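2 protein chains.
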Amino acid sequence: MTTSTDNLRVSYRLAWRPGEDPRAKAEDIALEQTVELPRACVPPEIARRVVGTIESLAQIDETSWRVTIAYAPETFGGEVPQLVNLLFGNISLKEGILLERVVWPAATLAGLPGPRFGVPELRRWCGAEAGRPLLCAALKPLGATPRELADRCRRFARGGIDLIKDDHGLADQPSAPFAERVQRCQEAVGQANAETGGSAVYMPNLPGTAGDLDERLETVRAAGCRGVLLSPMLIGLDTLRWIRERHELALLAHPSMTGAYFRPDHGIAPEVLLGQLFRLLGADAVIYPNVGGRFPLSAATCGAINSALREPLGPVAAAFPMPGGGVDVERVPHWIARYGNDTVFLIGASLYAQPDLERASRALLDATRGAAGLTGS
Amino acid sequence: MTTSTDNLRVSYRLAWRPGEDPRAKAEDIALEQTVELPRACVPPEIARRVVGTIESLAQIDETSWRVTIAYAPETFGGEVPQLVNLLFGNISLKEGILLERVVWPAATLAGLPGPRFGVPELRRWCGAEAGRPLLCAALKPLGATPRELADRCRRFARGGIDLIKDDHGLADQPSAPFAERVQRCQEAVGQANAETGGSAVYMPNLPGTAGDLDERLETVRAAGCRGVLLSPMLIGLDTLRWIRERHELALLAHPSMTGAYFRPDHGIAPEVLLGQLFRLLGADAVIYPNVGGRFPLSAATCGAINSALREPLGPVAAAFPMPGGGVDVERVPHWIARYGNDTVFLIGASLYAQPDLERASRALLDATRGAAGLTGS
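Quick note, the sequences are listed as chains A and B, same order. Take 35 as the starting number for the first sequence in our numbering and just add one per residue. Take 35 as the starting number for the second sequence in our numbering and just add one per residue.
There's no promise every hint is true.
[Said to hold, decoys possible] With the C-beta cut set under 8 Å, the calculated list includes, among others, these residues of chain B facing chain A:
{"#": "1", "residue": "W99"}
{"#": "2", "residue": "K174"}
{"#": "3", "residue": "G203"}
{"#": "4", "residue": "I269"}
{"#": "5", "residue": "L399"}
Derived by calculation from the structure, the hints in this document are not laboratory data. Everything numeric in this text was worked out from a predicted model, so none of it was measured. Even glycine gets a Cβ: it sits at the ideal position worked out from N, Cα and C.
Hey, can you work out the whole structure from these sequences and the hints?
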C-alpha cells in the first residue's frame with residue numbers, strides 16, 4: 035500500500051473557454067497519461083490503482099483553470115523515459131495544457147542523481163571566491179580550426195575567464211574534429227593556467243551520438259577535461275542521467291530544441307524542464323537565454339529558472355543557473371544584483387565584438403570582482 | 035569544393051507583422067543556427083563557408099513569409115544530434131519560426147539508414163495481402179499483469195490482428211515487468227498463431243533507458259520478437275538510428291513528446307518530424323494521432339505525414355503511416371478510401387469497448403478485407 039506522499043503531483047494550467055467543462059479536460063489528462071482508454075473500458079481495480087487522481091481543480095482567471103493530478107509510483111516506476119512520458123508524453127499532442135509544477139516524491143528524488151559537483155565544487159575548481167559569480171566564455175565559431183579555437187581558449191584563460199565551453203554546434207565537423215579540438219583546447223587552457231597561475235576550466239561539447247558516448251567521453255578524460263557541455267534534448271534526457279552516473283565529469287546542459295515546449299498556453303514551463311528536470315538528471319549548470327538577449331524569455335521566467343535550480347529539493351544538490359546573453363562590463367553590476375553570486379554568466383558575442391579577447395575577458399572579470407565588492411585581481 | 039546540391043535546404047515560415055524586416059529575421063536564423071555570432075564578429079572566410087545562405091525569401095500572406103536557407107555539409111557533418119540542432123536547435127527558443135520543409139542532399143540520405151524492413155517485408159511477416167491495410171492493436175492498460183496482457187495478445191492474434199504492440203506507457207513497472215511481459219506476450223501470440231495458422235506479430239515497447247538498451251534488446255530477441263515500439267523523443271532521436279543500425283528488428287515509432295513542436299506558428303511541421311526524420315532515422319512505421327480522434331491534428335496534416343512517409347527519398351525505403359484513433363468497423367471503408375492500402379490502422383479503445391476482443395478483432399479484419407475488395411477470410 036502506497037501513501038499519498040509517494041505520489042507524483044503534477045499541476046497543469048488548462049486553457050478554458052466559457053461552456054467548456056474543466057473537469058472533463060482534467061479527467062482526460064489523468065486517463066490519457068496512464069491507461070490511454072476511456073474510464074468505462076478500464077477494470078475498476080486497475081482504475082483505482084493506476085489512473086491519475088484529480089486532487090484539486092480551480093479557476094485561475096477568465097481563460098484558464100489549474101488542475102493538480104497525483105500519479106501513483108506504479109505508473110512511472112524508476113525510469114526516466116517513462117517519467118517524462120507520464121508528465122507530458124501524449125498530452126504534448128493536445129492543446130492548451132501547460133505543465134507548470136511538479137512535486138516530487140522522496141523516492142523519485144532519491145533515485146535521480148542530481149548534480150555530481152554543483153556550486154561549491156565548481157567554484158573550487160575555478161579558484162573563484164564565493165563572493166562573485168563565475169564567468170563562462172563560449173568558444174566560437176563553427177568553421178574555425180582547432181588551432182584557432184585553442185588560441186581563443188588561451189586568450190580567455192589568460193584573461194581570467196573561469197569556464198570556457200564549446201559552442202554546442204561544435205560537434206565533429208571536418209573543420210574542427212572532436213578529438214583534435216578537445217586535445218588542443220585543453221592543452222591551451224592548461225598552458226595558460228601554468229603561465230598565469232590561474233585555474234580556467236575547458237569543457238568541450240559532447241556530440242552525443244548514440245553508441246560512441248563512452249569512446250568520446252574517454253577522449254575527454256584522456257585529454258584531462260573536467261567537464262562537458264551537452265544538449266539533453268538532442269542526445270536524450272536519460273542520456274544525461276546515464277553520463278552523470280558513470281563519469282566523473284561536470285555537466286553543463288544546453289537548452290537546444292527545448293524552446294518549442296515554452297509556449298505560454300501549451301508545453302512545459304522552463305522552470306520545470308530546465309530548472310527541475312535538467313538539475314535532477316545531473317546537470318551541474320544549466321544554460322538558458324537571458325532576458326533582453328536574442329531570445330524572448332521573460333525576466334520572471336529567468337527568475338523562476340534560477341529559483342528552481344537552487345531551491346531545496348530533497349537530497350539533490352543545487353545547480354548553477356547559467357544565463358547567456360546581455361552581460362557586458364557595464365551591465366555586470368545589474369545582473370549580479372538581480373541574480374546573485376551563485377550564477378555563471380555566459381558571455382558570447384560581447385567578448386567577440388572586441389578586438390582583444392584577453393583584454394576584454396580581463397575587463398569583464400575586473401568588473402565582476404568590483405561589482406561583487408572584491409578587491410585585488 | 036562542395037556544390038550547391040550538397041547543401042541541406044531548409045524552409046521556414048516566418049511570422050510577420052507590417053514594419054518588420056523579414057530579411058533580418060531570415061539572416062538571424064542563418065547566423066544563429068551556425069556561428070551564433072553577429073555577422074560583424076565572424077571572419078569573412080568562415081562566414082562564406084559556414085553561415086547559412088538565404089536562397090529565397092517571399093511573402094506568403096498578410097502574416098507570414100517563407101525563407102529557404104542552404105547549409106553547407108561542413109555545418110552538420112554526418113551526425114544526427116548536430117543535424118537536428120542545425121534544423122531547429124537554438125531557434126526553438128525564438129518565436130514565429132515554423133520548419134516546414136527540408137530538401138536533403140544525397141550524401142545525407144545515403145548516411146541515414148531509413149527503414150530496415152519497410153512496407154513489403156512487414157506485409158510478408160503478417161501474411162497480409164498487398165490489397166489491404168494492416169491492423170494493429172494496442173495492448174493495454176498499464177496496471178494489467180503480464181498474464182492479463184498475454185491473454186489479450188492471444189485474443190487479438192486469434193481474431194486476425196496483424197500487429198500487436200504494447201502501449202508506449204508500458205515500460206518496466208512492477209505490475210508488468212518488461213522481461214516477463216515480453217516473454218508471456220510473445221508466447222501467447224506464438225501459440226495463437228500455431229492454433230489458427232495465422233501470423234500475428236507482437237512488438238513490445240522498449241523502455242529506452244540509457245545504458246541498458248542492448249540488454250533489453252537481447253531480451254526481445256531471445257523471446258523471439260521481430261520488432262519493438264519506441265518513442266524517439268523519449269529515448270533520443272539518434273538512439274532510433276543506432277538501434278536501427280545494430281538490431282534486426284522492425285521499429286514502430288511513437289510520437290510521445292513531439293506535440294509541442296506542432297504549433298501552427300512555431301515548431302517543426304509534423305510531416306517533417308514524424309514523416310521525414312523518423313523515417314530517415316529508421317522507423318518502419320510511424321504512429322500519429324488520426325484526425326477526428328483524441329488529438330487535434332488536421333486532415334491535411336495527416337495526409338502530409340502519409341505522403342512524407344511514402345514519397346521517393348533517395349535510397350530510403352518507404353515507411354508505413356500508422357494513424358491511431360477513429361477507426362472502427364463502420365469507418366474502415368472511409369479510411370481505406372482516404373489513406374490507401376499501404377497503411378497500418380492502429381486500433382485501441384474501439385476494440386476495448388467491446389466485450390469479446392477476439393470477435394471484435396475478427397469483425398474489424400473482415401470489414402477491412404471487405405472494404406479492400408478481398409474475399410474469403
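Evaluated hints:
1. W99: 19 Å, violated
2. K174: Cβ of K174/B sits 6 Å from chain A, so the hint holds.
3. G203: 6 Å, holds
4. I269: Holds, about 6 Å.
5. L399: 20 Å, violated
Checked against the numbered hints given earlier, the structure breaks hints 1, 5 and satisfies all the rest.
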